[in-house]
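Construct all of the structure, not just a fragment, from the sequences and the given hints.
Listed below are the residues making up each chain.
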Amino acid sequence: MTPLQLILLGVVLAPGAVFALFSLLWLLGWDAPERALTRTTAIVYSVATAAVAWMAWAMHMAGLESIAVPLGDWFTVHDYHFPLVLLADRLSLPFLALTVILVGLIGQFSATYLHRDPGFARFYILLHLFAFGALLIFSAGSFDLIIGGWEMVGLTSVLLISFFHYRLGPVEGALHVFTIYRACDIGLITAAFALHHYAHTASFVNGMPQVSSGDATVIGLLLLLSAAGKSAQVPFSGWLPRAMEGPTPSSAIFYGAISVHAGAYLLLRAQPILAESSIASGAVVLVGLMTALHGTIVGRTSADAKTSLAYAALAQVGVVFMEIGFGWTWVPVMHIIGHAMVRTLQFLRAPSMLRDYHQVHAAAGGQVEKTGKHLESMFPPGVQLWLYRLAMDRGHLDTILERGFVQPLLALSGLLARLDRMGLGAGGPRPEQTRSHRWLISRFR
Amino acid sequence: MADLSFPLITAAIGIPAVAAVAAFTNNACARLAGVAGAAGASLCALEVFREVSAAGSARLAEPWSLGLFTADNLNATFLLLYSLLTLAILILAPRRDTSAKITGTTLLVLSATLTAYGADNLIVLAAAWILSALPFIAGPFIGSWRPRAGLAASCIALVGAIALIVNAAQAGGDTQPFSIASLAGHNYGGQAAFALLIVVIACRKGIFPAHAWLEDAAEAGPVLPVCLFINGHFGAFLLARVVIPDFPLSAQGTFPILSDLALFTAVYAAIRAVAETRARRILALLVLSQSACILAGLESATQEGVTGALVHCVVVAVATTGLFSVLRLMEVRFNRSFTTEHYLGLSEYTPRLAVFFVVCGLALVGLPGTLGFCSEDLLIHGTLISHPQVGLLLPVATAMNAVSLFRLFSRMFTGTQRTGIQGVTDAVPRERWVLAAIVFFIVAAGMMPNVAVALRANAAHEISLVR
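Same order as they appear, the protein sequences are chains C and V.
Under the numbering used here, the first residue of the first sequence is numbered -6, with each subsequent residue one higher.
Under the numbering used here, the first residue of the second sequence is numbered 378, with each subsequent residue one higher.
No lab work stands behind these hints: they were computed from the structure.
Only a predicted model underlies this, so the values are computations on that prediction, with no experimental measurement involved.
All C-beta atoms, glycine included, are put in the ideal place defined by N, C-alpha and C.
Hints may contain errors.
Where chain C lies over chain V, by a calculated footprint (3+ residues, C-beta under 8 Å) [what the hints assert, rightly or not]:
#, segment
1, 749 to 762
2, 785 to 796
Non-contacting residues of chain V with respect to chain C, defined by C-beta distances greater than 10 Å in every case (computed) [unchecked claim]:
#, residue
3, 402
4, 503
5, 567
6, 568
7, 629
8, 637
9, 651
10, 652
11, 684
12, 716
13, 739
14, 767
15, 809
16, 813
Shown next, in the form of structure tokens:
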């Protein structure tokens, strides 16, 4: 294994190892002191940042397009292999760098922000698991491996939303987000299977597997489902404001920076497949456009800082989706990096927003003009009112999902429970409870 | 056929039987006798497992057992797994669940279950099957009437099927009409025996429409013995051990329908769990759904699907043992049964039990980094290959199961903290170490699944229907 390969492996595995160590020790009864957690985090991500920077520089100097770290098959059965291969190329390197830098910064920020919080250790342990999952997504050399990281990011996201688990809002929000994530993850799992089925591999280390136009449409749409769920695109946008119930640092790293862009990364990675299908590309553009409009409109009626930022982020990610659908690569990558940096800063400053506003106001001599009014004024009053109602109900998306999927599912579940009680299950109800039994007893009494 | 170095299977069966007698006669040291008996059985099963692994794909006969017992890749894992699960349960069980009667009967069930796993004789298999179910039919583990009816039906159907098979084998001039191995491929008993065996499997596994007994058993019966009983996975074992090898032609023709039925059960149970409020029933429905996935994998007749099913057997057994144990420990601590009607916020009192619960639960539904992820991956590939149209139901069922499980976790462990609860301890060392071992196994095997998958792949390869 070359030094570059070792570095890539080390960068990806280090957060996972820290997570495993601290969580196992905690399970066995040891409560790690705050200083041990923050210093470990600082050291791990400082070294990881330096390592990624050195790796990028070394690759550039050596003229390398990519580094692959084949680790064999995770498991093998007959013709089916789960390839364990890491890949750092021009697409993944910026995301790897973004992850280690931002996680390190969030770690430092949280040392003060969550000082003496009862969940301090839990936050850091989950932060490491998140970093491991995110680095796995961005360095995966196959869609199979992406699934692993994808699920880890989703799980940590949910557990951090319910960080303040003694309040109902975060707990219910977490369940909502978990439901959406799990429903949409079916797309990625099935897409990986479809790739195995059509192309006999889901690895893209040697280029994206070749599939026909029809197959590309199926795979592209499945990947879009998964990406839309993870990046809160329409019609799954309703979970994003609920996710703001978590602590501010986790909102910043998940919904301002890394997690919310994971869907975009997935589509960027699958761009050769999308390029084969105009239907899939068109769907990506359409979803992005609808999300951008949705985020813009709904964000204007959001009453709190974090939700406003969430919808602003949503609108930008929608634009990123459109850029990916148009077949561009570097524009969305630059857009994502710039957006993630700015949005992280905004999220982290959100608790100090009023203070910042007063400072800006004072610096401008009390002459800060109100902005953002021109869009509404372009519409007639009736349309403005309709848009306002639409925005207040967040595009009716939650209502549609609730009435279209959740309520019918609950009704079906209730119906099946009644059928079980009535005797569909083995043997039916107690003999003495059945009408025929009562009738027989009455006849022969 | 090579031999085991010692009558290890007989020892594994005998030690818990002797320990059961000790437990019945001395209430004060019932748990000690139980742990010693299960540990002894585990050591013997471990040695069987080691010798079978060393022998590769060969089947090993037990010396001096008159051909009654054999060990191979399929049953060696089941022998070890069930012994270890019983050991874990007996250590974990709260004091009120370790009376002489419960511990002694649990050991007898262990002994009978190991007999069934090791049997190479149809009569021994049937007798052990009935003995293992007897405490749930006639006492002392009686819950409601439906488990009794379901299990009794499975026992009767099994006896009928074996009678047909043996009769046909004797009529056909077979010199060893009781030997399971020698019956392979003969289709003795024809469609009638095959149909009866399918009824046995459906009743024991809880395949729709014979599913409701399992919910009732978990709800009304003693939860830890019921958990052990379910995790015997006798239905899947019988399918792999007897039905597929002995009825290859019937199986090949019928399996697409059975596999669809198993997938339907998986979805049915998953949908049922969505709105269920009682914690025990939710867990039972999740086990039901995941067990149906195992059956769907076995019946997919693909190497991936069968291997995934056999690995998933292990995952479901270990993870549900963790889940039911934590639930029982919580019930005893708070002296109540749990529902999902309110948020209880109990993680404030039992944070480690909460973590054990969520890790076991997420392993059950295929969290990456656990063995459940690998088994689900293989299962989904196998079923999608064999049934591309309905195979999609498997990830859908798994996703719904995950939501139900997370809902249960949320309601039990998170939410507004209860007041007025005093003197509740988190996991004590005895519980902590066993649960940590369960979590360690799930995670370590998930990080390095090749060993587990390769072992199960050998067993899968021996199941003759695999393409």
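Results for each hint:
1. Under the rule that three or more residues need a Cβ within less than 8 Å of chain C, the assignment of the segment 749 to 762 of chain V holds, with 8 such residues.
2. Under a criterion of three residues with beta carbons nearer than 8 Å to beta carbons of chain C, the stated coverage of the segment 785 to 796 of chain V is upheld, 6 such residues being counted.
3. No beta-carbon of chain C comes within 10 Å of the beta-carbon of residue 402 of chain V; the shortest separation is about 37 Å.
4. Every beta carbon of chain C lies more than 10 Å from that of residue 503 of chain V, the smallest distance being close to 20 Å; the non-interface claim holds.
5. Remark: the non-interface label on residue 567 of chain V is consistent with the geometry, its nearest Cβ contact in chain C lying 26 Å away (cut-off 10 Å).
6. Every Cβ of chain C is farther than 10 Å from the Cβ of residue 568 of chain V; the closest lies at roughly 23 Å, confirming the non-interface assignment.
7. Even its closest Cβ contact with chain C, about 18 Å, leaves residue 629 of chain V beyond 10 Å, as expected for a residue assigned away from the interface.
8. Residue-level check passed: residue 637 of chain V sits 18 Å from the nearest beta carbon of chain C, beyond 10 Å.
9. A beta-carbon of chain C comes within 10 Å of the beta-carbon of residue 651 of chain V; the shortest separation is about 4 Å.
10. Once the 10 Å rule is applied to beta carbons, residue 652 of chain V is inconsistent with being away from chain C; the minimum gap is 4 Å.
11. Not every Cβ of chain C is farther than 10 Å from the Cβ of residue 684 of chain V; the closest lies at roughly 5 Å, contradicting the non-interface assignment.
12. Every C-beta of chain C lies more than 10 Å from that of residue 716 of chain V, the closest at about 14 Å, which supports listing it as non-interface.
13. With a cut of 10 Å on Cβ distances, residue 739 of chain V falls inside the contact zone with chain C, its closest approach being about 7 Å.
14. Its beta-carbon lying about 13 Å from the closest one in chain C, residue 767 of chain V satisfies the requirement of being farther than 10 Å from that chain.
15. The Cβ of residue 809 of chain V does not lie farther than 10 Å from every Cβ of chain C; its closest approach is about 7 Å, which violates its non-interface assignment.
16. Not every CB of chain C lies more than 10 Å from the CB of residue 813 of chain V, the least distance being 5 Å, so the non-interface label is violated.
Hints 9, 10, 11, 13, 15, 16 from the earlier list are contradicted by this structure; the remaining hints agree with it.
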